[in-house]
Amino acid sequence: MKKFLTVLLASFMLLTACSNNTNTANEGGGNTAAPEAGKKQEITVWAWDKVFNIGAMERAKTVYAEKNADLTVNLVENAQADIIQKLNAGLNSGTTKSLPNIVLIEDYRAQSFLQAYPDAFFALDEYINASDFADYKVGPTSYDGKQYGVPFDSGVAGLYVRTDYLQEAGYSVDDLQDITWDQYIEIAKAIKEKTGKDMLTQDPNDLGLIRMMIQSAGSWYLKEDGTTPNLADNAALADALETYKRLMDAGVVKVVSDWSQFVGAFNSGEVASVPTGNWITASIKAEAEQSGKWAIVPFPTLPNTPSSVHASNLGGSSWYVLNVDGKEAAGEFLKETFGSNADFYQTLVTDIGAIGTLKAAASGEAYSAADEFFGGQKTISDFAAWTEQIPNVNYGMHTYAIEDILVVEVQNYMNGTDLQTVLSNAQTQAETQIR
Amino acid sequence: MSNIKKVGMYVFLSVCAFISIFPFLWMLTSSTNVSADVTKGRILPGSHLFENIRNLFETVDISNALLNSAKVSISTTLLSLLIASLAGFGFEIYRSKARDAVFSILLLSMMIPFAAIMIPLFQMFGKISNVVPFVGIDTLSGVVLPTVVTAFLIFFFRQNAKMFPKDLLEAGRIDGLTEIGLFFKVFMPTMKTTYAAAGIITFMSSWNNYLWPLIVLQSPENQTVPLLISTLGSAYSPDYGMIMTAIVISTIPTALVFFFMQKHFVAGMTGSVK
Amino acid sequence: MSTAKKGMSIERKSNLTGWLFVSLAVIMIFVFYFYPMFQALLLSFKSGTGMNLQFTGIDNYKRLFSDITFITALKNTFIYLIIQVPIMIILALFISVLLNNSQLKLKGFFRTAIFLPAVTSLVAYSVIFKYLFATDGLVNKLLMNIHLIQTPIAWITDPFWAKVTIIIAITWRWTGYNMIFYLSSLQNIDNSIYEAARIDGASATRQFFGITIPLLKPIILFTSITSTIGTLQLFDEVVNITKGGPGNSTLSISQYIYNLSFKYSSDFGYAATVSYSIVVIIIILAFLQFKLAGDDK
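Heads up: the sequence lines are chains A, B and C, in that order. Using this note's numbering, read the first sequence as starting at 3 and increasing by one per residue. Using this note's numbering, read the second sequence as starting at 3 and increasing by one per residue. Using this note's numbering, read the third sequence as starting at 237 and increasing by one per residue.
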């Protein structure tokens, strides 16, 4: 009996000892410390990825500290999916205790949050100027005429290619400048024949390639209004799917099912190209042995869609301020760093390889540096130039929901169902699901 | 037992053992490799263990997370075992129609996916936070509280109590023990293997618990190990060698708990309580 | 007369004691489970996004019937249930009986080895499974080497085989877990019962079916119900190994609920409705299992 009473007591003590870590100072949004002039204020920022996003924020902190030493910025790192769950839980909880001041949200998802939780976000029109940023970023970050997000990284896409495999197959990098996807497929077949290497990887559950293709033509899964599904009568989407099928049928694709397999494929030299966003650069450079064997060429265009340009986007996120205590301080902080500071963006490029979307930053020094890994190519300035050409689309609220529907239908299409049926099925399903 | 049967048995068990261990072994060797090798699926061990460990400790505060996880898991396990076994005992030994009905209702609570009650639970804790901050949002106690009692564990103890020889209780009563004394002095010692199994299971599920700690905890100082590992994996260029090292470190406590508790499954409980 | 009084107070005392033992647990479950469940039930009658939920009556429930994704998820989950749970229970029973044999050497090793999957981190083993079962992975290489198959099987990217992979993953992970339950209960069976049976000439199989199974019935029922619930709420394996794919061919109901809540447009109302559909199914299945076991003497 005594033994067990001690056990019970011990566990209660343990529990109360746990409460040492309760919310004493770090309450982020719930911080009610009155922001008197000169008094210390605290804000909390949520983001994922230590090197890239958190790294950018750390440098922003340093830059801002020179202007205003009274602001303490707490950085909290969480996985992206986790941030989405926590944000949803916090916004539904009826208390602001669990909310940050600034949060990073992926552009594809932003509209969902802005529309699902009106009044939860703080409009930043007095802190930043939308026209200072690349056009294609403005759509996703604004809502109802107001600007809510500070555009951050550019997901501008490029086609990374192995120059040595190209050479073996009898091609040069110039042969890949400004090509269409059909030309890409031809080159892929040649490479497969001469070197035995696949041209790229694809994950059947991830239609990123299709998203890039249709954005290059100024089209999206949804119409301009951001809520009507645009699948059945979408010529660009049809073109993209047909191209995708030709690509998959050409026997040049290595099928993967996991991010680590995707990275492993190009790290181990199993594929000759990677069409994706520029944030993959760090992963590509991780395999130091491959230095000098890569180049980056413009994104190919859709063969039968005249509006398709050699520029597209995959991913990319922006910073949002929540409508909780500390919002003005957060707004000021963002204004002086990501919002306008072109020098700051140079640091981002040189230190972490993050390409921003502030137009003024593109003329800075770091942007014109040459990268040995890519054979001396001025990769950043290339990406910056392509960024300006990315067509603006409204990602709307239902990108991921529609993509999940499309993933199923694309499987059917690959297995022989005709395109029109597939697209109209997808359209019907999307319309029922989206209310 | 015939020799063929014996050999067959060993072969079968060995195959099962190998299939069970193999992924774990791969996990161990991966923690000694560089990230790029891990993504290529390399099976042989490398020489980067210390580097991975060093990177891990420099990148995240894993020792703090381990401490948090330990606090949560140990208190959850101790409290759970106590409360659930008391209830299981109560439901089975003092059977009544009313209690049986209540028991059936309790089972309902196992049937709803946690994702469905997550948000309402969180809202409840939001309100609790305003009144009693030290068990509210962003506290380790807040993590423990809803997970302490589960119908699962009560169900487990009750089913095992059905196999408990009731005459031992009568003997105890004759010896002058109170009802609660019967529980602590007769039931608990006899059911050691049940407590061992329940202890392992509860510790494991508490240690690996993900969704609830995710939304309740806010500050980095309060992070538990699964949350930490999830953060590591969400980078654009994850360091897989380092992640595997973190995973191995996080698996060690549960493996140890199992290792120490499993002796209680050894045959030798025959005719125990005299 | 005084005896009658004494009898009543003993009964009342017993009843009171019974309630005392269970009260703390009951209260906690009501507070932390039933109150949120009730909230979720209310939510299931609303629809919308995030904070903009409007009351829509039984629209959500009607929607379930025409929701292709939900029906696919339901089919998948049932396939997992019907195939995986029996296989796992029988396997776990078989292994634990083997390991309960006092003459067996290396018991500790086998026990630890087979339980290890339950301890192995989810993240780790899902990455490993993906590598092992990739089209150019070890499993295919092995199968081709021993000439069981001619062309590699697309374990993860084929709708049929992906389900098989999930079933293998679940079985791999949870067999050892259930084995623990059986082992701990087997220890509570007195050896003398087996001795007596052996003296009477009963074979090992006869002992298994005649003694072990009936005595273990409460635990078998326990694992059967908890495995049913676990499989119906399957989330981890599906999300991490196949992500519900290819297409929706391995999508589970819990994954769909998660998608509805967090991945799509945060329609918590409809998500709650789908959750309650699982509750109803589980209730029916659990009830059937209890009845089948002829529980409660």
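In short, the hints are calculated from the structure, not lab data. Because the structure is a prediction, the values reported are computed rather than measured. Where hints are given, some of them may not hold.
Cβ pair distances, simulated, as ranges [unchecked claim]:
hint	chain 1	residue 1	chain 2	residue 2	range
1	A	226	C	516	35 to 43 Å
2	A	184	B	46	39 to 47 Å
3	A	291	C	341	42 to 50 Å
4	A	417	C	380	53 to 61 Å
5	B	168	C	444	50 to 58 Å
6	C	387	A	422	31 to 39 Å
7	C	380	A	325	27 to 35 Å
8	C	319	B	20	46 to 54 Å
9	C	287	A	184	29 to 37 Å
10	C	400	A	291	33 to 41 Å
11	C	400	A	371	44 to 52 Å
12	C	428	B	172	41 to 49 Å
Using N, Cα and C, we set each Cβ at its ideal position, and we do this for glycine too.
Going down the list of hints, with the structure as the test:
1. The given range of 35 to 43 Å is respected by residue 226 of chain A and residue 516 of chain C, whose C-beta atoms sit roughly 42 Å from each other.
2. In this structure, residue 184 of chain A and residue 46 of chain B meet the distance hint of 39 to 47 Å, their C-beta atoms being roughly 43 Å apart.
3. A hinted range of 42 to 50 Å for the beta carbons of residue 291 of chain A and residue 341 of chain C is consistent with their spacing of about 49 Å.
4. Roughly 25 Å separates the CB atoms of residue 417 of chain A and residue 380 of chain C, a value that falls outside the hinted 53 to 61 Å.
5. Between residue 168 of chain B and residue 444 of chain C the beta carbons are some 26 Å apart, a value that contradicts the proposed interval 50 to 58 Å.
6. Residue 387 of chain C and residue 422 of chain A have their C-beta atoms about 32 Å apart, which keeps the hinted 31 to 39 Å range intact.
7. Checked against the hint of 27 to 35 Å, the pair residue 380 of chain C and residue 325 of chain A fails, with Cβ atoms roughly 60 Å apart.
8. Our hint of 46 to 54 Å for residue 319 of chain C and residue 20 of chain B is violated, since their Cβ atoms are close to 23 Å apart.
9. The hint said 29 to 37 Å for the Cβ distance between residue 287 of chain C and residue 184 of chain A, and at roughly 47 Å that hint is violated.
10. The supplied range of 33 to 41 Å is met by residue 400 of chain C and residue 291 of chain A, whose beta-carbon atoms lie about 38 Å from each other.
11. Remark: the range hint 44 to 52 Å for residue 400 of chain C to residue 371 of chain A is upheld by a beta-carbon distance near 51 Å.
12. Range check, residue 428 of chain C to residue 172 of chain B: Cβ separation about 21 Å, and the 41 to 49 Å hint is violated.
Going down the numbered hints, you'll see the structure goes against 4, 5, 7, 8, 9 and 12, while the others check out.
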